[in-house]
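Using the sequences provided together with the hints, build the complete structure.
There are 2 protein chains.
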Amino acid sequence: MVYRENNNIYVKTSEKTYPIILSSDFAKTIIDFYKENLFPRVAVIVTNRTIFRLWRSKIDRLSSLIGAEIVFVPDSEKAKSLETYDKLVNSLAHYDERKSSLAVIAIGGGVVGDLAGFAAGTYRRGIPIIQVPTTLLAQIDSSIGGKTAINLQAGKNLIGVYHQPDCVVLDMRFLSTLKEENLKEGLAEGIKYGVIRSPALFSMLEEVADMDQIDWPSFVGECAAIKARVVSRDEKESRGLRYILNFGHTIGHAIEVATDNRISHGIAVAIGMVKATEIACRLGICRHTTLVRLLRLLDKFSLPSDIKMDASQKRRFWRALMRDKKFSSGKMKFILPVRIGAVRVVDNITRDMIRI
Amino acid sequence: MVYRENNNIYVKTSEKTYPIILSSDFAKTIIDFYKENLFPRVAVIVTNRTIFRLWRSKIDRLSSLIGAEIVFVPDSEKAKSLETYDKLVNSLAHYDERKSSLAVIAIGGGVVGDLAGFAAGTYRRGIPIIQVPTTLLAQIDSSIGGKTAINLQAGKNLIGVYHQPDCVVLDMRFLSTLKEENLKEGLAEGIKYGVIRSPALFSMLEEVADMDQIDWPSFVGECAAIKARVVSRDEKESRGLRYILNFGHTIGHAIEVATDNRISHGIAVAIGMVKATEIACRLGICRHTTLVRLLRLLDKFSLPSDIKMDASQKRRFWRALMRDKKFSSGKMKFILPVRIGAVRVVDNITRDMIRI
Chain A
-19 MVYRENNNIY VKTSEKTYPI ILSSDFAKTI IDFYKENLFP RVAVIVTNRT
31 IFRLWRSKID RLSSLIGAEI VFVPDSEKAK SLETYDKLVN SLAHYDERKS
81 SLAVIAIGGG VVGDLAGFAA GTYRRGIPII QVPTTLLAQI DSSIGGKTAI
131 NLQAGKNLIG VYHQPDCVVL DMRFLSTLKE ENLKEGLAEG IKYGVIRSPA
181 LFSMLEEVAD MDQIDWPSFV GECAAIKARV VSRDEKESRG LRYILNFGHT
231 IGHAIEVATD NRISHGIAVA IGMVKATEIA CRLGICRHTT LVRLLRLLDK
281 FSLPSDIKMD ASQKRRFWRA LMRDKKFSSG KMKFILPVRI GAVRVVDNIT
331 RDMIRI
Chain B
-19 MVYRENNNIY VKTSEKTYPI ILSSDFAKTI IDFYKENLFP RVAVIVTNRT
31 IFRLWRSKID RLSSLIGAEI VFVPDSEKAK SLETYDKLVN SLAHYDERKS
81 SLAVIAIGGG VVGDLAGFAA GTYRRGIPII QVPTTLLAQI DSSIGGKTAI
131 NLQAGKNLIG VYHQPDCVVL DMRFLSTLKE ENLKEGLAEG IKYGVIRSPA
181 LFSMLEEVAD MDQIDWPSFV GECAAIKARV VSRDEKESRG LRYILNFGHT
231 IGHAIEVATD NRISHGIAVA IGMVKATEIA CRLGICRHTT LVRLLRLLDK
281 FSLPSDIKMD ASQKRRFWRA LMRDKKFSSG KMKFILPVRI GAVRVVDNIT
331 RDMIRI
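Protein chains in written order, with this note's numbering: chain A, -19 to 336; chain B, -19 to 336.
Hint data in this document are derived by calculation from the structure and do not stem from the laboratory. Keep in mind it's a predicted model, so treat the numbers as computed, not measured. It is possible that part of the hints are untrue.
[Unchecked claim] Once the Cα atoms are required to be at most 30 Å apart in a straight line, the calculated DSS-like pairs of lysine-lysine come out as:
#1 B:Lys(-4) <-> A:Lys136
#2 A:Lys67 <-> B:Lys58
#3 B:Lys280 <-> A:Lys67
#4 A:Lys(-4) <-> B:Lys136
#5 A:Lys67 <-> A:Lys136
#6 B:Lys136 <-> A:Lys136
#7 A:Lys67 <-> B:Lys(-4)
#8 A:Lys136 <-> B:Lys67
#9 B:Lys(-4) <-> A:Lys(-8)
#10 B:Lys58 <-> A:Lys136
#11 A:Lys216 <-> B:Lys288
[As the list claims (entries may be wrong)] Okay, the calculated bits of chain A under chain B, using three or more residues with CB under 8 Å as the criterion:
#12 6 to 18
#13 67 to 75
#14 129 to 135
#15 138 to 145
Using N, Cα and C, we set each Cβ at its ideal position, and we do this for glycine too.
In structure tokens form, the structure reads like this:
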């Protein structure tokens, strides 16, 4: 269950209810929350050097006011390794020697959130964590829902736990430091939320002339609330509901693999959504106007709707798609739109229905 | 909640209900359970060379009948490291490439169970595991309740997760290969269960002349049922009930630290139980007859009731006790017996009440 109060979104999970706080000063918000809920735990701030350079005065103030230690992790996907995890949990143990309990404050994008979340979820079988996502994508997606993971040599996100945060702080000012490409990544996921659950969100994006006109607090708040509603009703992906978040991701993921991640996640998802909607139109599940609205919206934000792959990339695309966990016995499970705001799970999609 | 059916003990947890099966042929029991509940997952048996040498024909049969792969881990406390964990989860990923889902079968003592449990609890955020404990201590204690952990340089059991098994198989024939010292370790924990919860279990042990006369299936079944009842009512140690399992362990743990683990866990717990019962007698919480019954029972199984430590060991003993997580603000929380079968949490134990 999810409810709103004082402009915060509260997410009820099986273990606790935590707030998603829309803030314009993350340091102040964390200090207030910490003093009321987590004091006198020793706080360990996990962040990277890039974030620290950009937000040093805020992080220093936060650190001094709640007596927090700062641990730096590398600034790339490489940080999501067992090696970095090893260092991080040993750092936690180091600060833990002085007092009996700890809490983690993760300030960064998806990499920092995933790594610090896995560390907090496993250190002493789980300690509190405040998630402070600094990218649009992390704010509206990965910071909410408690999924944490790191990579193995054998593959991405292969080890992890479900560990719900104690609080998620969404500070709009982080968005001002992001490159347009990062914002586009987030917008693609936001458009996804519109298609699967919110005609209002989709319309809001249709009504603006360009990215600068977007009311970011409304956009982030609405996306976060949708994600929260879906995950709170299907915390551990056991009920199938959470699966609708995969709209655009089945084909999108195969495109990422086929292009060696040269096509970014957001761009791949944009293309994946178009391909899925085309399938839905061909199957008569949704009307052509839905596809047209989606194409127009992506185009306005310079998000692509198609990709040209060479023969070798196409081979890898199909191999990745067939090995996807959603694939079983020759037929694939897809999330297809019925109209803007509603999707359906269709589990008998065959290879010939997919045009790439 | 815990209930019995067909000689099995069923443990209800927040996520699932799993059986603890008293078996006299673990391979057959696992094959039956696997085919009914986990097929067609790829099974990965995690064990060590010592166990494999002793039970090779059974494990081979198990492996061939359900098509299981075998992964070996080192045969000591050193196996509970991030390094071994890294190899183990990469092995899981290796076998996972062929099919979409896996299950783990852990055959070994507490080390194998803890390591394989942590791997199963984190690989893809949790895959099924069958625990097949091969020591008396693991059968009646660590295999039940879902606590898993590995060690860091900074300390033992510092990272882990709660991950409930899908099935626990207790095969009495493993006990025949154990040294008397191992059986004594388990007996000490069994006596603990008697003091905290079961006058019947305590009496059963009082009535036998020596270890050879013990009805092991009854003993193991009763201990496992007590552990299951406690942990099913306090799955994640949030309600305090699970804390009663620490009877004898507060002082016991400090003795282990003070003697560099030269005093084994079971022996240290035996001494810890006596010290705690002495405190209870002095405080007038329990009658002297309880202490006498405990001392006689330990003596019958050649379990010690006291320890002589030199000055340096004593210093380390007190330091360890004061740093124990149960210690706060100069007063310690102890589990003290009221009578055989009932204990009480007493949280104002001061240093001078403890005689060592």
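Verification of the hints:
no. : hint                    : verdict
1   : B:Lys(-4) <-> A:Lys136  : 28 Å, holds
2   : A:Lys67 <-> B:Lys58     : 18 Å, holds
3   : B:Lys280 <-> A:Lys67    : 48 Å, violated
4   : A:Lys(-4) <-> B:Lys136  : 28 Å, holds
5   : A:Lys67 <-> A:Lys136    : 19 Å, holds
6   : B:Lys136 <-> A:Lys136   : 28 Å, holds
7   : A:Lys67 <-> B:Lys(-4)   : 34 Å, violated
8   : A:Lys136 <-> B:Lys67    : 16 Å, holds
9   : B:Lys(-4) <-> A:Lys(-8) : 21 Å, holds
10  : B:Lys58 <-> A:Lys136    : 27 Å, holds
11  : A:Lys216 <-> B:Lys288   : 51 Å, violated
12  : 6 to 18                 : violated (count 0)
13  : 67 to 75                : holds (count 4)
14  : 129 to 135              : holds (count 5)
15  : 138 to 145              : holds (count 5)
Hints 3, 7, 11, 12 from the list above are not met by this structure, while the remaining hints are.
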